[in-house]
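Undergrad: Spelled out from the first residue to the last, the chains are:
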Amino acid sequence: MRALASDLPIRFDTVTVRSRGVTILDHVTLQIEAGAPTVLIGPNGSGKTTLLRAAMGLLAPTQGRISWGGIEKSPPIRRGFVFQHPAMLRRSVAANLRYALRAARVPHAYHDARIEELLALVGLAGLDKRPARRLSGGEQQRLALARALARDPVVLFLDEPTASLDPASTKAIEDVIRAVAARAIKIVMSTHDLGEARRLAGEIILLHRGRIVERAAAAEFLGSPKTEQAKLFIAGELLV
Amino acid sequence: MHENASALQLILSGDPALYAIVRLSLFISLSALAISAVLGVPIGAFVALTRFAGRESVIVLLNALMGLPPVVVGLAVYLLLSRSGPLGSLGILFTPTAMVIAQTILVTPIIAALARQTIEDLWAEYRDELTAMNVGPLRRVTTLIWDGRFSLVVTLLAGFGRAAAEVGAIIIVGGNINGFTRTMTTAIALETSKGDLALAMGLGAALIAIVVIVNVLAWAARRVGEQIAG
Amino acid sequence: MLKRVILILAAVAAVAPFPAGQAPAQEKSIVVASTTSTQDSGLFGYVLPIFKQKTGIEVKVVAQGTGQALDTARRGDADVVFVHAKSAEEKFLAEGFSLKRYPVMYNDFVLIGPQSDSAGVKGKDIVAALQTIKAKAAPFISRGDRSGTNIAELKLWQDAGIDIAAAKGPWYREIGQGMGAALNMASASNAYVLSDRGTWLAFKNRGDLVIVVEGDKRLFNQYGVMLVNPAKFPSVKKDLGQQFIDWLISPEGQKVIAGYKINGQQLFYPNANDPSA
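Chains as they are written, first to last, in my numbering: chain A, 1 to 240; chain B, 1001 to 1230; chain C, 2001 to 2277.
Keep in mind the hints are simulated off the structure, nothing from the lab.
Values in this document were obtained by computation on a predicted structure and should not be read as measured data.
Glycine residues also receive a C-beta, built at the ideal position from the N, C-alpha and C atoms.
Do not take every clue at face value.
Label-pair ranges, simulated between beta-carbon atoms [as the list claims (entries may be wrong)]:
id	chain 1	residue 1	chain 2	residue 2	range
1	C	G2120	B	L1217	56 to 64 Å
2	A	R209	B	A1220	52 to 60 Å
3	B	A1205	A	R20	56 to 64 Å
4	B	G1136	A	A182	31 to 39 Å
5	B	V1216	A	A182	48 to 56 Å
6	B	L1157	A	H111	41 to 49 Å
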């Protein structure tokens, strides 16, 4: 089903992102491969959101190159993004999904079935006629997830998806992420929450002041961190 | 119109002269509104969504043009369309066409400026999602216009209100000719100057009623639209 | 999506049946630049339908002050002018904007003032009345708009030996508007104002106002009509315009003008046959 993982691997070649005189990403070189979820952690302002946006293709690097499956300037056709505060289109839940399906050029005949499937996957079945703006925070996040999945992505980016949610909604989202990951869709996400990183991650990347400080499989990172910053961060002492 | 009838009598008796005036008023204001919408919404969308040199100045200019004095526009259009003027050979001075032109000039900036604000605000909200969904430029514009339709309808109603209330421009370029270019507002001006204040007030009340009806129709259309769209 | 298309089409269809109901371009019509006094008195409302029935020609009247009407004709925006200020009309002729002036009718001016007549000007002598008004600085409304009435008013001040441009004070209010507006203002501020009889008879907002001076020979008010010179503006509809003029001065047209009455009183007196008019 996912035979052509053409957007992967995502390669950052000495990528620097500067904005208004501030360096947000500092000579970042990394490669994201297919497989278990990659979770970015780090203090506020460390560049997590910028890295995710760059990896999605929403912003261009000031210096360096980004490529998807070896291709630079690849449009985000098979990539999905769930924003931290997703915008709800002023229409019903189902219409939001229909919009995403149409944007992804999915043939009209498949829409109804796909909408039903996606709503079931994210746990919003039965809410198809509800105006999207009247959903709760957690429900909106799940709708955003469904929207991003509408295009059958190879990679799914999530920017702090549970940051503003209550524990119940957080669990619901995490369950969906796990279900999505189980379908061999590559998850690349950021989070504030070490616990969430532990629950979801295959590998963890620690960002600090625009640089990758440490990168390791989840158990290894949390059990035996190598760098000073990693130890401080795990201890909750790395704030900026 | 019969000299001594009150406005209510004229309305109830279906006086043809009065109804001709009402029809003309609606024709001119709605035509001007339609053309202004066709011009103003794309202009507003363009300015909202495109980065170009001098963009801020254009926004300030659009907002300022909302306050164009009607009588100045009337004078300018008159000089353009006069037989001694550059477009005199068209022969459209003192016709409803000239009145539609003058009102279009007045209403288009209102539509453009307000549409720009609406679309720009909505774009700020939708930008991330639409970009992530790889939505093309034309699709973006139609999405913003559709999702912003309620604010845009209010914008159109503001434009209509401006056109329906206007008298300074259309009296100059139309000439307030009986049976030909006399609208409700110009008729009110005329009856006032003839001293028939009662009739003038009655016509004024009728004009307000018409504008209210138009707004009610717009509200009703929205309700119907909501029912259909679900 | 389909539903949206239907809604849009419905909206368009709702607006569409609002044609102006304008007659097609083949309809015979002329534009006549005339004065507010001929319009506000109701004369045109009475006379033009009769003309249309006889000839099928639609006369579109743009009513402005005499000065403005002549300027409209100077710009070529009218086919015929029908005004009441002989000196201004003769200047118009001298400038070549028309080839001939035809007298049509006359009425008279009346001095209107508050019933209480605080300045005590009631009488038959307009010059004496104006001198009294100035002496007592009684409020006076002037149209100030180069209309026929305004031109006549200024001439009367001259006849009274008063240089009004130098002598005017806060009591003399120039409003730059038509006769109806001037009467409204006089009614609202209990002031004196010079009006043509036709507009006064048709005026409805009299308040406390009455005629205080009438019958003075100097209050005579002559109306003339002219065809705009087609040599200056080829777009002038000279045949239709001349038809209108010919009808106005014909015995039939003159009879129609005389037939216009308000409350049994005749407003305009035809005198196309008077060579000195």
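Undergrad: If I claimed the Cβ atoms of R209 of chain A and A1220 of chain B lie 52 to 60 Å apart, would that claim hold in this structure?
TA: holds (59 Å)
Undergrad: Taking the CB of L1157 of chain B and the CB of H111 of chain A, does the distance hold inside 41 to 49 Å?
TA: violated (35 Å)
Undergrad: Can you tell me whether the CB distance of V1216 of chain B to A182 of chain A sits inside 48 to 56 Å?
TA: Given range 48 to 56 Å: holds, Cβ gap about 55 Å.
Undergrad: Does the hinted range 56 to 64 Å hold for G2120 of chain C and L1217 of chain B at CB?
TA: holds (60 Å)
Undergrad: Between A1205 of chain B and R20 of chain A, is the Cβ distance one that fits in 56 to 64 Å?
TA: holds (58 Å)
Undergrad: Between G1136 of chain B and A182 of chain A, is the Cβ distance one that fits in 31 to 39 Å?
TA: Check passed, 33 Å falls within 31 to 39 Å.
Comparing the model with each numbered hint stated earlier shows that hint 6 is the single one that does not hold.
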